[in-house]
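Protein chains in written order, with the working numbering: chain A, 1 to 189; chain B, 190 to 566.
Hints listed in this document are in silico derivations from the structure and should not be mistaken for laboratory results.
Honestly, I wouldn't trust all of these hints.
[Unchecked claim] Here are the simulated SDA-like cross-link-like pairs (lysine to any residue), alpha carbons at most 20 angstroms apart as the crow flies:
#1 A:Lys32 <-> B:Pro369
#2 A:Lys30 <-> B:Met190
#3 A:Lys143 <-> B:Leu331
#4 B:Lys492 <-> A:Val60
#5 A:Lys32 <-> B:Leu331
[To be verified] Residues from chain A shown here face chain B by an in silico Cβ test under 8 angstroms; the list is partial:
#6 Ala22
#7 Gln35
#8 Asp65
#9 Met100
Ideal placement from N, C-alpha and C gives every residue a C-beta, glycine not left out.
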Amino acid sequence: MIVVRFAGYGGQGLLTAGLILADAAAVFDKKKVIQTQSYGAEARGGASRSDVIISDEDIVFPKPDHLDILVAMNQLSVDKYSASLADGGTLIADATFVTMVTFPDFYSIPFTKIARERLGREIVANVVALGALVELKGVVSKKAAAGALEQRIPQAALDVNRKALEEGFKAAREAASAREKAVADYDIV
Amino acid sequence: MVLMQGNEAITRGALDAGVRFFAGYPITPSTEIAEIMSVELPKVGGKFLQMEDEIGSLAAVIGASLTGLKAMTATSGPGFSLMQENLGYAYMTEVPCLVVNVMRGGPSTGLPTHPSQGDVMQARWGTHGDHPAIVLAPSSVLDCYVLTVRAINLAERFRTPVILLPDEVVAHMREDVTLPEKVDVVDREAPHVPPEWYYPYDDSTTDVAPLAPFGTGFRFHVTGLTHDRAGFATTVPAEVDRAVRNLKRKMDRFRLEIIQVERVHLADAEVVVAAYGICARSAEAAVMQARAQGYRAGFVNMKTIWPFCFKLVERVAESAKAIIVPEMNLGQLVREFDRAVCGRTQVVPISRVDGEAITPRQILDVIAELARPGGTA
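Isolated chain A (complex conformation) (with noise of 0.2 angstroms):
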């Protein structure tokens, strides 16, 4: 079982990636999966996340006790959610507003600045990110998460999201790249 949850403002676009993860892990990858979502009243800003449980087994009680991966599109959420993080768990940070980290294992990736100046739609930043997360952890086959997209995005704006995903391979592989070699020089010193 992999617990992963996506938090931000709202608007951030975070229900739309839970929602696209689930849908690649359930209908894609044949998964057991639950997805849930907790926002506030307004329709941008305040705090919100989505949770997604992807299990080869049925899942019995919906809501995490515990997280293996955070994706955090903000500091805010970074604070409130790092301790909630499992050992072993791993947190994927938008270094465009997250500014200090807390978890020892972490990637930092500016993926709304990706999706502004990339991509011109700072709007997709979302997309980026669950490339990222896919492309890191393998929670589903890209296949997958490919196919997911597809279907959950309207076709008008189908061609930025699957350039998104693409940027978001793309900056994972580089920051693990990145810090395979920050590893390595360490070891030196």
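Given chain A, work out where chain B should sit, using these hints.
Relative to chain A, chain B alone:
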């Protein structure tokens, strides 16, 4: 297999059960139901109406149902409060309809986006006067589908409003689900007599008085006033008595058919957790963990909240050392347990009203404490 949200499953159930009319006023956390119905109903020749408020919504539903359509609305706490007036009207006039109340935190506007189970007593006694109530509580996305079909069937069969009472967690969560390919659908009984012989409240030859669709030649009067079998207002004591008692009688006679509870590990259970809605999922997880740790625990998932499963609870009271009742309120259905148990065993409520679901851990801790020799909670 698909990934589906609870609210979405409710709409699928409603459409498959034959609902062709929806009137409502959107409110979190039930809005998806209205949204989806507004898209799907026109495709099957149905009608969707967004009304000015919840009072008008249920009024429109009652009107539509009287023309012979299967009709429903969906709301949440504040809207459900407004619907109480017309809910009473529907009970009194015996008009089949489905009211979905997705429970959020209250009182008043409360917690729009967070779960609660605070409307359990309102669903039973929210409208004034003596009336029966059928209230169903789903605890999974599949339940949302199955119990919606069941709610509409019960409404049509017993000529009564039925309330589906999911909490926000169940309504908003998405699960992988395989819906049944075919469901049994019940249609209301049509009159067996020509129009000139028809009495809309005459159940002397059938389980429930047949309801004729308006506009088909059967002229009859519909009023919230206590009425005789022809539907006209009456204050004759014998007719009033019959009218009020009949509402209850038709439900009492068929209560075994209406009450649906899932029972797990009750045979040897020392401690029984009885729950509904999302708390039934917490209970199941807690009981599975408890049994793995050697505790003799069992659980009951009450898919029908009202009528209450008195007989079952009486039986459990004979054998179990304690009954735990977790609820996301300050203790509503637990009162019925007290009434059924009458001090024969311990009834232990677990309450939570902070907008979060009761966790399996919370329940497990109480099971462990109660199972300890001499343990009380």
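To see whether the hints hold, each was checked on the structure:
Between the alpha carbons of A:Lys32 and B:Pro369 the distance comes to roughly 18 angstroms, so the proposed pair stays at or under 20 angstroms and holds. For the hint pairing A:Lys30 with B:Met190, the CA-to-CA distance comes to about 9 angstroms; that is within 20 angstroms, so the pair holds. Between A:Lys143 and B:Leu331 the CA atoms are separated by roughly 27 angstroms; this puts the pair beyond 20 angstroms, and the hint is violated. This hinted pair checks out: B:Lys492 and A:Val60 have alpha carbons roughly 16 angstroms apart, not beyond 20 angstroms.
Proposed proximity of A:Lys32 and B:Leu331 is supported: the alpha carbons are some 14 angstroms apart, at most 20 angstroms. Because the beta carbon of A:Ala22 sits about 6 angstroms from the nearest beta carbon in chain B, less than 8 angstroms, this interface hint is met. Evaluation of the A:Gln35 hint against chain B yields a held restraint, the C-beta minimum of about 4 angstroms falling below 8 angstroms. The beta carbon of A:Asp65 comes within 6 angstroms of a beta carbon in chain B, closer than 8 angstroms, and the hint placing it at the interface holds.
The beta carbon of A:Met100 is not positioned within 8 angstroms of any beta carbon in chain B (closest approach about 27 angstroms), and the interface hint is therefore violated.
In summary, the structure is inconsistent with hints 3 and 9 from the numbered list given earlier, while agreeing with the others.
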